[in-house]
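Each chain is listed here by its residues.
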Amino acid sequence: MRTKKILAIIISLSMFMSLSSCGKKSSKVEGEFRIGIGQFAEHPSLDNCREGFLLGLREEGFEQGKNVTFRIDNAQTDGGFASQIFDNYVNNNMDMIVAIATPMAQMAYSRAKDKNIPVIFTAVTDPVAAELADENGKPVGNITGTSDKLPVDLQLSLIHEMYPEAKRVGILYTTSEVNSISSIEEYKYYASSYGIDIITQGISDTSDMALACDNILNKVDVMTNVTDNTVVASLPVLLSKANEKNIPVFGSEIEQVKKGCIACMGLDYVELGKQTGRMAAKILKGEVEAKNLNYEIIESASLYVNSKVADNLNYIINQDIIDRANQVFDTIS
Amino acid sequence: MDAIELLKFYFITPQEIIGILTGVLREGLMYSVASLGVYITYKILDFPDMTVDSSFPLGMSITAILLILDVPPILTLCISFIAGALVGVITGIIHVKFGVRDLLSGIIVMTALYSINLRIAGRSNLPVFKKPTIFHLEYFNFLDRSMKTILILLVIVAICKILLDYYLKTKNGYLLRSVGDNEKLVTALAKDKGNVKIIGLAIANGFVAFAGSIFTHDRGFFEISAGTGTLVIAVSNVIIGMQIAKRIKCISDTTAVIIGSILYRACISIALSWGLEPRDLKLITASLLLIILVMNSIKRKNKVA
Amino acid sequence: MIELRNVSKYYNTGSVTETCVFNKFNLNIDKNEFVSVVGSNGSGKTTMLNIICGSIKVDRGDVFLDNKNITNVPEYKRMVKIGRVFQNPAFGTCPSLNIIENMALAENKNKSFDLKPLVDKNRVEKYKTMLKSLNLGLEDKCDINVGALSGGQRQAIALLMSTMIDIKFLILDEHTAALDPKTADVIMELTDKIVKEKNLTAIMVTHNLRYAVEYGNRLLMMHDGQIVIDVKNEEKKNLKVEDVLDKFTTISIECGN
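Residue numbers (numbering that gives the first Met the number 0), protein chains in the order written: chain A, 0 to 332; chain B, 0 to 304; chain C, 0 to 256.
So that you can see chain A by itself, here it is in the shape it has in the complex (with noise of 0.2 Å):
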């Protein structure tokens, strides 16, 4: 009796918790937006994307309390969460739902489909395998954003221009991971314009890293990275083992360069988050709609180098490449 007593009060207290909580909620006022932000999972990057569209609407005078509420969630990498996030903006009659990365913008559309709200996504690497877009990149729906490819290109023109003489650039990656293996396709793509061969090693999880290492690093002149999560997370593995014979390893976001790769042409995910924003603002001001804008791909890389890293290989950064970079670390963290 008295466990069924604490049981019934416990639920009381949320019912009217959540009740109470309404009080607060405001409705629709006129000539105000509401925007739904869905977030797939806190990391790094997707938190400077959310910044960097807060940031790119407010440059186009979009700001929260003066014409834009926002509602952020976050859904924990939980796919029930996913849902129930984007069924609250939907039942809202939300003005546009916003979401970040792939599972999330999947999620959104599937759940605004039937619905004319607008969505925008971001940090979707590859819109069309998403079904996000069409063969064309035209949307599917009333559905656009940006797309956080790798500026493979850019990466590699940087490798040649830092080391023309490299002609074997070696990737490790993770057998799992889609996004690694599309990066590499690319990677193999552009490199033939260099004289660069790709040489890959394919690893099934960080166990497999050190031997991994041995094998390919005995094979290449130059290492670089995609953006695979496994390879990241046993990143001090290949620096250890690059730096005992003299290779240099190149990264794929800023974040590795703070710990120990010697440059990469990374995404700015703020950048990326900014040219969303204004992607938003386009379709708030009602200069254009969602389905009739196609996705895009960041319009630029930013450069970030390694000082402290070149020295260790004894290699003279040029002047040029320490003007060009965006930031430049002398640190290694």
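Keep in mind that a hint or two might mislead.
[Stated by the list, open to error] Ranges of calculated distance between the beta carbons of each label pair, as one might list FRET restraints: (1) A/ASN245 with C/VAL15: 18 to 28 Å; (2) B/ALA285 with C/CYS19: 45 to 55 Å; (3) C/LYS76 with B/LEU282: 47 to 57 Å; (4) B/LEU103 with A/GLY201: 20 to 30 Å; (5) A/TYR188 with B/ARG118: 16 to 26 Å.
Simulated from the structure, these hints should not be mistaken for lab results.
Note that the coordinates shown come from a computational prediction; the quantities given were computed from them, not determined experimentally.
Every residue, glycine too, gets a C-beta built ideally from N, C-alpha and C.
Got chain A; can you put chains B and C on it based on the hints?
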């Protein structure tokens, strides 16, 4: 974090209440099918079956690939059930015939199935947005889409429940119930308890894969990470359901599991609308579960004393 | 008939704690014998039952049941002909099922467990008649889960269930040990009645010397994996509890107990 707190704002309208209710019902009903499966392993067989975390995405991946191959949507549900059942048999054989511990045999199959799921789908994320699903069937068209979805789900869940209830009343079903209750009795009945366990695992994982299949139909895409945590959610649903069944005598265990699944989702929705950060949800879930279990054992102790 | 031929059984083989339970042990039990087995703890009584039922494997030797060598037949297949009641009343029944369901399960033994409903409404009356014959008032508690019944009631049901279909052998493993003296008497009476009615070959391990002497037509006393007393029929009839107790004490003193 403060900035986000500031940005967060809530509004509730009748539509939102209906929206939350339909959302809760839909997610709850979909998970209830998986929970019925876990009810068999967790409650009846007393077997901590980790296979569930991979038979769920197995149903998802098989359904995604079958829909792409234009297999009729209803058939994908059945094929998923069979595939799940086969996986359950494998876990069972590893446990029963090779003598590997229950938890471990589930983990082995789960690990192996991760790769197999990737192979089936070909990639870790496979959309089927362009294909018709069970929710596009030409029934109940007078309803709006979310109501239609719920009605279709209700029909599916009801069929699953009735079939499972019937099975548990058959000779074979009773044998399954006794193997979890008292293995010695099954041996005394001149039946191989190992085979009975294998049958149980097969049915359980069949249900779980079936639920995975429904998820692909609803979501419109397969995602490899979707299975992680299925077991915990389903076990929570079963535990909540068992509490209900204990307190309200007139409802059957299976009905209680279904209600438990819906209640669990409702709790999460309440927590979310409460302004809770999703990042804390797993902690809240675990605490809630612990409270229920602890209160139960306190009650039991009181009874003994 | 049941026969153990040159059976050897060791526990913890190969380790320092290796113990020999049986070394070339032989036993022959004829059809329709009701054998009571007594002996001190560790004398091998329960191991013997487990070997007959197949719960444990022998290291050497052969086990015969009805003239068939069943040494390598798994436990559950031997149960086709054997019924077994354990010391723990919980082992013989399914606690979360009610009495009728338990009995229906037992009645379906050696038939196929298919997808037909288990409980046949027409059989319920028959089950109730059987329960009534126990005089424990169980016929009014048919819908109660067996787990909620007392140990004696459960043991009575277990006994009923293990002999519900035609089996040839009944193995009783201290089946009255966990019960209070009065209930134990009731169960013992019931056992004797069933064994006689069904013409079963039975082996009963017990610590109750009175039961061992009073019931059955053969008595075995075991010690250290050997049979030290084996009396049958007429000889058994003249046996008194004191005789057995004397022998028992002598052995115990020899062992330094």
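A quick look at each hint next to the structure:
Roughly 58 Å separates the CB atoms of A/ASN245 and C/VAL15, a value that falls outside the hinted 18 to 28 Å. In this structure the supplied range 45 to 55 Å holds for B/ALA285 paired with C/CYS19, their Cβ-Cβ distance being about 51 Å. In this structure the hint that C/LYS76 and B/LEU282 lie 47 to 57 Å apart at CB holds, the actual value being about 51 Å. Judged by the Cβ atoms, the range 20 to 30 Å given for B/LEU103 and A/GLY201 holds: they are separated by roughly 27 Å.
A/TYR188 and B/ARG118 have their C-beta atoms about 25 Å apart, which keeps the hinted 16 to 26 Å range intact.
Comparing the model with each numbered hint stated earlier shows that hint 1 is the single one that does not hold.
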